[in-house]
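Colleague: Assembling the complex is the task here: the two chains are given apart, and the hints tell you how they should meet.
Respectively, the protein sequence lines represent chains F and R.
Going by numbering that gives the first Met the number 0, the first sequence opens with residue 0, and the numbers climb by one from there.
Going by numbering that gives the first Met the number 0, the second sequence opens with residue 0, and the numbers climb by one from there.
Keep in mind the hints are simulated off the structure, nothing from the lab.
Fair warning: there could be bad hints in the mix.
To be verified - Some chain F residues close to chain R (C-beta under 8 Å, calculated; not the full set):
{"#": "1", "residue": "Met-23"}
{"#": "2", "residue": "Gly-38"}
{"#": "3", "residue": "Glu-41"}
{"#": "4", "residue": "Thr-43"}
{"#": "5", "residue": "Asp-44"}
{"#": "6", "residue": "Tyr-64"}
{"#": "7", "residue": "Ile-65"}
{"#": "8", "residue": "Met-68"}
{"#": "9", "residue": "Thr-69"}
{"#": "10", "residue": "Asp-70"}
{"#": "11", "residue": "Phe-84"}
{"#": "12", "residue": "Met-86"}
Unchecked claim - Below, in silico cross-link-like pairs of lysine to aspartate or glutamate (EDC-like), each with a Cα-Cα straight-line distance of 16 Å or less:
{"#": "13", "chain 1": "R", "residue 1": "Lys-31", "chain 2": "F", "residue 2": "Asp-70"}
{"#": "14", "chain 1": "R", "residue 1": "Lys-275", "chain 2": "R", "residue 2": "Asp-292"}
{"#": "15", "chain 1": "R", "residue 1": "Lys-222", "chain 2": "R", "residue 2": "Asp-197"}
{"#": "16", "chain 1": "R", "residue 1": "Lys-38", "chain 2": "F", "residue 2": "Glu-30"}
{"#": "17", "chain 1": "F", "residue 1": "Lys-48", "chain 2": "R", "residue 2": "Glu-42"}
{"#": "18", "chain 1": "R", "residue 1": "Lys-40", "chain 2": "F", "residue 2": "Asp-59"}
{"#": "19", "chain 1": "R", "residue 1": "Lys-38", "chain 2": "F", "residue 2": "Asp-44"}
{"#": "20", "chain 1": "R", "residue 1": "Lys-31", "chain 2": "F", "residue 2": "Glu-34"}
{"#": "21", "chain 1": "R", "residue 1": "Lys-43", "chain 2": "F", "residue 2": "Asp-44"}
{"#": "22", "chain 1": "R", "residue 1": "Lys-18", "chain 2": "F", "residue 2": "Glu-41"}
{"#": "23", "chain 1": "R", "residue 1": "Lys-47", "chain 2": "F", "residue 2": "Glu-34"}
{"#": "24", "chain 1": "R", "residue 1": "Lys-43", "chain 2": "F", "residue 2": "Glu-41"}
{"#": "25", "chain 1": "R", "residue 1": "Lys-47", "chain 2": "F", "residue 2": "Glu-41"}
{"#": "26", "chain 1": "R", "residue 1": "Lys-40", "chain 2": "F", "residue 2": "Glu-41"}
{"#": "27", "chain 1": "R", "residue 1": "Lys-31", "chain 2": "F", "residue 2": "Asp-72"}
Unchecked claim - Residues from chain R that face chain F, not an exhaustive set, calculated with beta carbons under 8 Å:
{"#": "28", "residue": "Pro-22"}
{"#": "29", "residue": "Phe-30"}
{"#": "30", "residue": "Thr-39"}
{"#": "31", "residue": "Lys-40"}
{"#": "32", "residue": "Gly-41"}
{"#": "33", "residue": "Glu-42"}
{"#": "34", "residue": "Lys-43"}
{"#": "35", "residue": "Glu-44"}
{"#": "36", "residue": "Ser-45"}
{"#": "37", "residue": "Arg-190"}
{"#": "38", "residue": "Leu-382"}
Bear in mind the structure is a predicted one, so any value in this text is a computation, not a measurement.
All C-beta atoms, glycine included, are put in the ideal place defined by N, C-alpha and C.
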Amino acid sequence: MKGRLKNLFTVDNEFLNKVPRYTMQMADNREVIFEGCKGVVEYTDTSVKLNTGSTIVSFDGRGLYIRRMTDSDIIIGGFILSVEFIM
Amino acid sequence: MFIVNFFRWLFGYAEFCLKSNFPERYLNIAFKNGLHLWKTKGEKESLKGCVKIKELNEAMRLAQKAGMEFEITREHGLPYLCRRYRKRAGLLAGLIFGAALSCILSRFIWNIEIHAPDGINEYEIRNELKQLGFSEGFYYTFDSIVDLRHKLLIMDNRISWMSINIFGTNAVVELSDRDYPIESDKTDSNRIGNIISDVDGTITGISVSKGSAAVKIGEGIRKGQLLVSGIIEYNDGTAGFSDSSAHIKAKTSEAVVFRLPMNSKCIIKSDNAITKRSLSFFNINIPLTLCGDPMGSFFREITKKQAELFGQGLPIFIKEEQWEEIGEKDIDKTEEKLKNILNKRQLMYEYFLTLEDNRKIIKRKKSFSKSNGTYELKVLYELEEEIGKKQYVMTGDSG
Numbered sequence: 000m001k002g003r004l005k006n007l008f009t010v011d012n013e014f015l016n017k018v019p020r021y022t023m024q025m026a027d028n029r030e031v032i033f034e035g036c037k038g039v040v041e042y043t044d045t046s047v048k049l050n051t052g053s054t055i056v057s058f059d060g061r062g063l064y065i066r067r068m069t070d071s072d073i074i075i076g077g078f079i080l081s082v083e084f085i086m
Numbered sequence: 000m001f002i003v004n005f006f007r008w009l010f011g012y013a014e015f016c017l018k019s020n021f022p023e024r025y026l027n028i029a030f031k032n033g034l035h036l037w038k039t040k041g042e043k044e045s046l047k048g049c050v051k052i053k054e055l056n057e058a059m060r061l062a063q064k065a066g067m068e069f070e071i072t073r074e075h076g077l078p079y080l081c082r083r084y085r086k087r088a089g090l091l092a093g094l095i096f097g098a099a100l101s102c103i104l105s106r107f108i109w110n111i112e113i114h115a116p117d118g119i120n121e122y123e124i125r126n127e128l129k130q131l132g133f134s135e136g137f138y139y140t141f142d143s144i145v146d147l148r149h150k151l152l153i154m155d156n157r158i159s160w161m162s163i164n165i166f167g168t169n170a171v172v173e174l175s176d177r178d179y180p181i182e183s184d185k186t187d188s189n190r191i192g193n194i195i196s197d198v199d200g201t202i203t204g205i206s207v208s209k210g211s212a213a214v215k216i217g218e219g220i221r222k223g224q225l226l227v228s229g230i231i232e233y234n235d236g237t238a239g240f241s242d243s244s245a246h247i248k249a250k251t252s253e254a255v256v257f258r259l260p261m262n263s264k265c266i267i268k269s270d271n272a273i274t275k276r277s278l279s280f281f282n283i284n285i286p287l288t289l290c291g292d293p294m295g296s297f298f299r300e301i302t303k304k305q306a307e308l309f310g311q312g313l314p315i316f317i318k319e320e321q322w323e324e325i326g327e328k329d330i331d332k333t334e335e336k337l338k339n340i341l342n343k344r345q346l347m348y349e350y351f352l353t354l355e356d357n358r359k360i361i362k363r364k365k366s367f368s369k370s371n372g373t374y375e376l377k378v379l380y381e382l383e384e385e386i387g388k389k390q391y392v393m394t395g396d397s398g
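Chain R with its partners taken away, still in its complex shape (with noise of 0.2 Å):
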């Protein structure tokens, strides 16, 4: 019934008041003649209803044959409205305006929200997508999205497929990261190939699946010397050119040194502190505190807040520059807490160290020691590890 009542609001109708002393005749010749009334109504006398804008002029004509008395009482719809503001052309400037304004300011990006997958940062992202000019206040066109698309695919080897949807004023960037194929230990059957120890060392286990070993468990090795030789000899006294896979294990040993100063210098903030604020709209950026950068040496923190509507963001973000004034201070640091600092180091190392492919630690030894206002760990490692380096024989025929 609402989209009814909608046309014929669009269209336009009139109430209307029928004076006779036989209504009911007005309502038969009406509709003989095809004439669309509703909401009738009879009364004593007189018959009530609407007529469409269209209709009225026949309706009056029927009236006037019969003899009847036809009164408009009410005008309703769009046509009416029109007619009574026609000479108003300010409030059609005004709505047409609006409307262009509004069919313009919507092909701009106001908000752009990034969903990126734990191996890449949204914040990349941004700036990436800033650097090809998609940022807030972006005019956008099919074509542009799709061309901005094939550009960050290109530009940044970490994605393998993005997505660019345009939700009104929002572009919500859809992302999936790369997976990178697992490598195999491959060998190349064209070139001659050996491998040769990456440091000194003593090896504990040997597994070769291409070429032949040159040492033995338990030998002692130096850096540089074969491991694993591509000349191949068979038994029958013939030999044979390879490439050489193989995985060599080894103990070595490595010393490290952690060193902090007995008197160092801290900094630290003080209490003299400046807020800044500006507004931010669509990248002009308007100032709301009155000061300058200040002179000497200060600590800058700056946010960022996204202004919000119904759980929406905005194109408005305020941003807040906190600057502290930062000075130095010497600090004389306890033995006791030296080496909590160096323990700590040390174990960040190690974290480190095991996280490298086919590193173990399998023994250590620590010693404390102070010099030259210096206090230093000195840690001796003992590791098991991969120690095999490839390092391939120049041939002739080799490119």
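Just chain F, with the same shape it has in the complex (with noise of 0.2 Å):
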């Protein structure tokens, strides 16, 4: 009976491996839409790079801004150019 109720509340792991920790919504490459930040690292109008925890996505472009930011997604404006993944 116990071990049923454990198996119930438990949750796989290879569910949770699956979550994905942030995720990037492009519109063209004028506007992209990222949740699951956690901090700007750089922030120029050529380049914005982002934290993740794990990894540091880096857009690069020209004319680039920050059009609107909470605590964990923020919106990036401007012409992208390319996206990095550093680790």
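Modeller: See the structure below:
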């Protein structure tokens, strides 16, 4: 009985591994909605680097700016030329 | 986006410039503390952006805590505007006065538009409304409009429905005329009635629906003669009383004389004319020309023009009075001319004669003659018309 209840409330590790730590949604190369950001590492009009905890995601381009930011989500606007993942 | 910008302006915001070796740190701190920053622009060792006036102190405190230099570069919005002009009390007073004046003036009617149906004259309605106190410059309330509507409906029987719609300072009066029921040939069963002749003539047609006919077709009748009786005699020898109803047509004659003086005086306008102008604003007349009313015989013509702005009538009228001197002149008319005028008068008379119900001209005989300085046209008409007239017989129980 106890074993059955334990199984019922245990979350599968495999399932947890499949939940992404951060997600990105890009509208062309003009806007990116980034969920799971833990902070801004670099912010200039040519480069925005975001800390995700395990990785730094770097956006390079022209006229980059932060349109809106909360404690976990960020919207970056501008002309994005490249996205780089720095491990 | 306009709404967002408008609310930002309404509550006020400031542009700032943050100087630091690592400005990104400030961004992280600010967003972690729930600060709302926008238009952020990262430059080398500086960060520019905007912050709400409400969060400005918090933004400065965080910058101080992080050891960064925080500078307000520009201030926007209504709170800053009020602070800037707080010493100019006249401006505020003017603003309040202007708003109050606008509120008060918008309660007045500046222009009245009347949409009347064909049977009702717009000018008459305007006069009736004026009598009830509703004219340009009327201060309206909802109750006064409802009251006015009821009063006019009682005052003018021709109106069956009306509404007064207020659009800003314009009043649009919509009217509907009354549809009268078609009068049917009703008879009163409680009264005894005869039909008598209204004129002299010869009967040409009888159609009796109630009562008994006392005349026949082709009979000559005199004015006041009994045509249809309300006393009905039955075959069994008994008699009954009832109201009578019938259409009796007869051939009648009528003589009409049209006269015209051979020498007549005619009123003509002379070259002497005076023009007076005045400006009417909310029923206040301001004269624009400095001259009084001229003495003597004058013909006065008044024209009123309403000032308009973008096709919308304003309560400003320019009244122009044209005074033209008139005098009498003797005119000798020729026989031909007099004949023409008399013929026209006769045609006009005939037009109105035939407008009456059940009157038809069968024949006419014309003759022209001169007598005592007048020219006469005698016309003898032969008509066919309805000649019956109701006459009630007094009974003991009738009211």
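Colleague: It remains to establish, for every hint, whether it holds in the given structure.
Modeller: Tested hints:
1. About 18 Å separates the beta-carbon of Met-23/F from the nearest beta-carbon of chain R, more than 8 Å, and the hint is not met.
2. Hint on Gly-38/F holds. Least Cβ distance to chain R is approximately 4 Å, under the 8 Å limit.
3. Taking 8 Å as the C-beta cut-off, the interface hint given for Glu-41/F holds, the closest approach to chain R being about 6 Å.
4. Below 8 Å, beta-carbon pairs count as interface contacts, and Thr-43/F has one with chain R at about 5 Å; its hint therefore holds.
5. Interface hint status for Asp-44/F: upheld, as the beta-carbon distance to the closest one in chain R is roughly 7 Å, under 8 Å.
6. Hint status for Tyr-64/F relative to chain R: holds, with the closest Cβ pair at about 6 Å, below 8 Å.
7. Given hint, Ile-65/F at the interface with chain R, holds; its Cβ is 5 Å from that chain's nearest Cβ, closer than 8 Å.
8. A distance limit of 8 Å between C-beta atoms decides the matter here; for Met-68/F the minimum to chain R is near 5 Å, and the interface restraint holds.
9. Interface hint at Thr-69/F: satisfied, since its Cβ lies 6 Å from the closest Cβ of chain R, which is below the 8 Å cut-off.
10. About 5 Å separates the beta-carbon of Asp-70/F from the nearest beta-carbon of chain R, less than 8 Å, and the hint is met.
11. Contact between Phe-84/F and chain R, as hinted, is not supported at the beta carbon level, the nearest pair being about 19 Å apart and thus beyond 8 Å.
12. Look at Met-86/F: its Cβ only gets to about 20 Å from chain R, farther than 8 Å, so that hint breaks.
13. For the hint pairing Lys-31/R with Asp-70/F, the CA-to-CA distance comes to about 5 Å; that is within 16 Å, so the pair holds.
14. Only pairs whose Cα atoms come within 16 Å are accepted, and Lys-275/R paired with Asp-292/R is accepted, the gap being roughly 9 Å.
15. For a cut-off of 16 Å, the pair hint linking Lys-222/R to Asp-197/R stands: about 5 Å separates their Cα positions.
16. Among the hinted pairs, Lys-38/R with Glu-30/F is consistent with the structure: their alpha-carbon atoms are about 15 Å apart, no more than 16 Å.
17. For a cut-off of 16 Å, the pair hint linking Lys-48/F to Glu-42/R stands: about 14 Å separates their Cα positions.
18. Under the criterion of a C-alpha separation no larger than 16 Å, the hint pairing Lys-40/R with Asp-59/F is consistent with the structure, at around 15 Å.
19. Restraint check: the Cα-Cα separation between Lys-38/R and Asp-44/F comes to about 12 Å, which is no more than 16 Å; the hinted pair holds.
20. Distance hint between Lys-31/R and Glu-34/F is fulfilled; the C-alpha atoms sit about 15 Å from each other, no more than 16 Å.
21. For a cut-off of 16 Å, the pair hint linking Lys-43/R to Asp-44/F stands: about 9 Å separates their Cα positions.
22. Proximity of Lys-18/R to Glu-41/F is assessed by CA-CA distance (about 15 Å); at most 16 Å being required, the pair is judged to hold.
23. With a C-alpha separation of about 24 Å, the suggested pairing of Lys-47/R with Glu-34/F is violated against the 16 Å cut-off.
24. Distance restraint check for Lys-43/R and Glu-41/F: the Cα-Cα separation of roughly 10 Å lies within the 16 Å cut-off, and the hinted pair is therefore satisfied.
25. Of the supplied pair hints, the one linking Lys-47/R and Glu-41/F holds, its CA atoms being roughly 14 Å apart against a limit of 16 Å.
26. A distance of roughly 12 Å separates the Cα atoms of Lys-40/R and Glu-41/F; the hinted pair therefore holds under the 16 Å criterion.
27. Among the hinted pairs, Lys-31/R with Asp-72/F is consistent with the structure: their alpha-carbon atoms are about 11 Å apart, no more than 16 Å.
28. Given the 8 Å rule on beta carbons, the hint for Pro-22/R holds: about 7 Å separates it from the nearest Cβ of chain F.
29. Satisfaction of the interface hint for Phe-30/R is found here, the shortest Cβ-Cβ separation to chain F being roughly 5 Å, below the 8 Å cut-off.
30. A least Cβ separation of about 5 Å between Thr-39/R and chain F falls short of the 8 Å threshold, and the interface hint therefore holds.
31. Annotation: Lys-40/R was flagged as interfacial toward chain F, and the flag holds, the nearest CB pair being 6 Å apart, inside 8 Å.
32. For the restraint placing Gly-41/R at the interface with chain F, the shortest Cβ-Cβ distance is roughly 4 Å, inside the 8 Å limit, so the hint holds.
33. Taking 8 Å as the C-beta contact cut-off toward chain F, the hint placing Glu-42/R at the interface holds, the least distance being around 7 Å.
34. Because the closest C-beta pair between Lys-43/R and chain F is about 7 Å apart, less than 8 Å, the hint holds.
35. Hint on Glu-44/R is violated. Least Cβ distance to chain F is approximately 10 Å, over the 8 Å limit.
36. Below 8 Å, beta-carbon pairs count as interface contacts, and Ser-45/R has none with chain F, the closest being about 10 Å; its hint is therefore violated.
37. Taken as an interface hint, Arg-190/R does not check out: its beta carbon lies about 93 Å from the nearest beta carbon of chain F, beyond 8 Å.
38. Hint status for Leu-382/R relative to chain F: violated, with the closest Cβ pair at about 94 Å, above 8 Å.
Violated hints, in rising order: 1, 11, 12, 23, 35, 36, 37, 38; the structure is consistent with all others.
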